[in-house]
Amino acid sequence: MKQIADFTIAKREQLGEHYFTLTLQHPGNMETILPGQFVEIEVKGTREVMLRRPISIHDVDAEKGTMTLLIQIVGKGTRQLATLKEGDKLNVIYPLGHGFATDAKNPLLVGGGAGIAPLLHLAKCYNEKGVRPTILLGGRNANLIPVRDAFKPFGTLAFATEDGSLGEKGLVTQHSLFQVSNYDLIQTCGPTPMMKAIAREALKADVRCEVSLENMMACGIGACLCCVCDTDEGHKCVCKEGPVFDARKLTKWIG
Amino acid sequence: MLEVKVHNLTLKNPVMTASGTFGYGEEFADFIDISRLGGIVVKGTTGERRQGNPYPRMAETPSGMLNAVGLQNVGVGNFCSNVYPRIKDMDTNIIVNVSGSSIEEYCSVAEQIDSLENIPAIELNISCPNVKKGGMGFGTNPDMAAQVVAAVRKVYHKTLIVKLTPNVTSIVDIAKAVEQAGADSVSLINTMLGMAIDVEKQRPYLSTITGGLSGPCVKPVAVRMVWQVSHAVQIPVIGLGGICCANDALEFLMAGAKAIEVGTANFMDPTVTVKIVEGLEDYCNRHGIKDINEIIGII
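Listed in order, the protein sequences are those of chains W and G. Reading the first sequence from the start, the letters are residues 12 to 266 in my numbering. Reading the second sequence from the start, the letters are residues -8 to 290 in my numbering.
Treat the hints as calculated values from the structure; they're not laboratory data. From a predicted model like this one, the values you see are computed outputs, not experimental measurements. Every residue gets a Cβ at the ideal spot worked out from N, C-alpha and C, and that includes glycine. Please note: incorrect hints may appear among the correct ones.
[Said to hold, decoys possible] Using C-beta positions, here's what the derived DEER-type ranges look like:
#	chain 1	residue 1	chain 2	residue 2	range
1	W	98	G	24	28 to 38 Å
2	G	189	W	26	26 to 36 Å
3	G	188	W	58	13 to 23 Å
4	G	79	W	15	19 to 29 Å
5	W	58	G	290	23 to 33 Å
6	W	38	G	236	19 to 29 Å
7	G	24	W	57	24 to 34 Å
8	G	161	W	38	47 to 57 Å
Build the full structure now, drawing on both the sequences and the hints.
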């Protein structure tokens, strides 16, 4: 069930210039969070920001009742969120949206930039089922892949950077592990051109593929109809029917 | 203490939700008890299913937002057969916002909604700024507004609320015209036509270039218009525009609104409507008010 709750920031960690993580402590019993779901968080302290900000859930500790958000500083909302300190309260609506499938036996997870965020919780969920995914993370350079070691215990981990500063040089789609027909499910989150390229390859090889979209949102719960994606079945709310969509329903979007 | 009447409707309190901001109510059921509200106005409904405008349809602006959703909805047929059975037993007044591109479409939708037992009223939307044909076109001209209202009046037999646009020289003239044509109530204001530009990308934020402005930034304009209209017509006025808290709601009530609708604030806090109900109760208690009607229109 969706819930609105005041979490406390238990930990804040700066990851280079562009990224930080917030670990949020739930005040009571935290609802179950599926991989790929997101939160809508209230941004206080600036008249420029009225609406909540949708942020994907990076990590979950159900026992402790905590979730971790990996946030990239991109605009006025995330800039304001970057000023939060440990001990501050944060009003959160969660868990939102339709997440990733976890029924694959040999999945490839591909993340780019801030899009790597939801893949950690996803990788952990696979591990609980005895599945070790292949995890491929990409960015323009090593600094733009903010989290690396955390993924290590949960799968076969590889990197692609455009300048070659980490892993193989080039795009994720040029990486030696990116042979889509070796997997039964490709799951991706990252920049739109990257996801389109991945989905195109997967569709061509007839391999199941899920993409996690990021559109501007107002409500986050399917009421305002602002965040729609033009899917093959018409406009669908990214917040409710997504953010994770089956690529086969996005052929128009993939182009 | 909070009960109010709008024509034949009895609302347990003056707090309703604004069309297009509350889905069909179901989206909010995890957060609040819908039966605590005086009423809900569900999504604008047209004769046929509509896809709405292309993304991006929303831009945040200081203390407000622009939207250009463009009446995306399932269409009246689908509403009657699929949505209505799911929501009809919610213990509140369920009002359907009726939109269209022609007088015939407005009438056809209104007629179909008329037959639904648990829908005691419609809100006729002659004020949507985000559709090319119809919508606001009907609401910006007193004669056109009167024509569409008179036509719907002939086929719709329950409480007929007409939603007005602020994008006019004199909203009072439009309100008088629709009152004359048979409206039982007017609700105001719909969004104000606005625009915002991304200067880095050197293009408008919205795919439609212009869109409807809502949120706290429009509230003073809305309060002024509610005050003007409530002094000019005999039918009850429903006030909306940027209401975020009980004090905002009280401004509208004092300006002359018999009831209010909460819109954009639902996006910021899905529990805000119930907080406003509680805030009104608290206000009445603090001020020794036995009946909220005592303060309606005191300005």
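(message) Against the range 19 to 29 Å, how does the distance between the Cβ atoms of residue 38 of chain W and residue 236 of chain G compare: consistent or not?
(response) holds, 23 Å
(request) Confirm or reject the claim that residue 58 of chain W and residue 290 of chain G have a C-beta distance inside 23 to 33 Å. (result) holds, 27 Å
(request) Take the C-beta atom of residue 79 of chain G and the C-beta atom of residue 15 of chain W, compute their distance, and say whether it sits inside 19 to 29 Å. (result) Holds, at about 27 Å.
(message) Quick check: does the Cβ-Cβ distance between residue 161 of chain G and residue 38 of chain W fall within 47 to 57 Å?
(response) Holds, since residue 161 of chain G and residue 38 of chain W (Cβ atoms, about 52 Å apart) stay within the stated range.
(request) Starting from the hint 24 to 34 Å, judge whether the C-beta atoms of residue 24 of chain G and residue 57 of chain W obey it. (result) With Cβ atoms ~32 Å apart, the hint holds.
(request) Could you check the hint for me, namely that residue 188 of chain G and residue 58 of chain W are 13 to 23 Å apart, CB to CB? (result) Holds, at about 19 Å.
(message) Against the range 28 to 38 Å, how does the distance between the Cβ atoms of residue 98 of chain W and residue 24 of chain G compare: consistent or not?
(response) holds, 33 Å
(request) Could you see if the CB distance from residue 189 of chain G to residue 26 of chain W stays within 26 to 36 Å? (result) holds, 28 Å
In this structure, none of the earlier numbered hints is contradicted; all agree with it.
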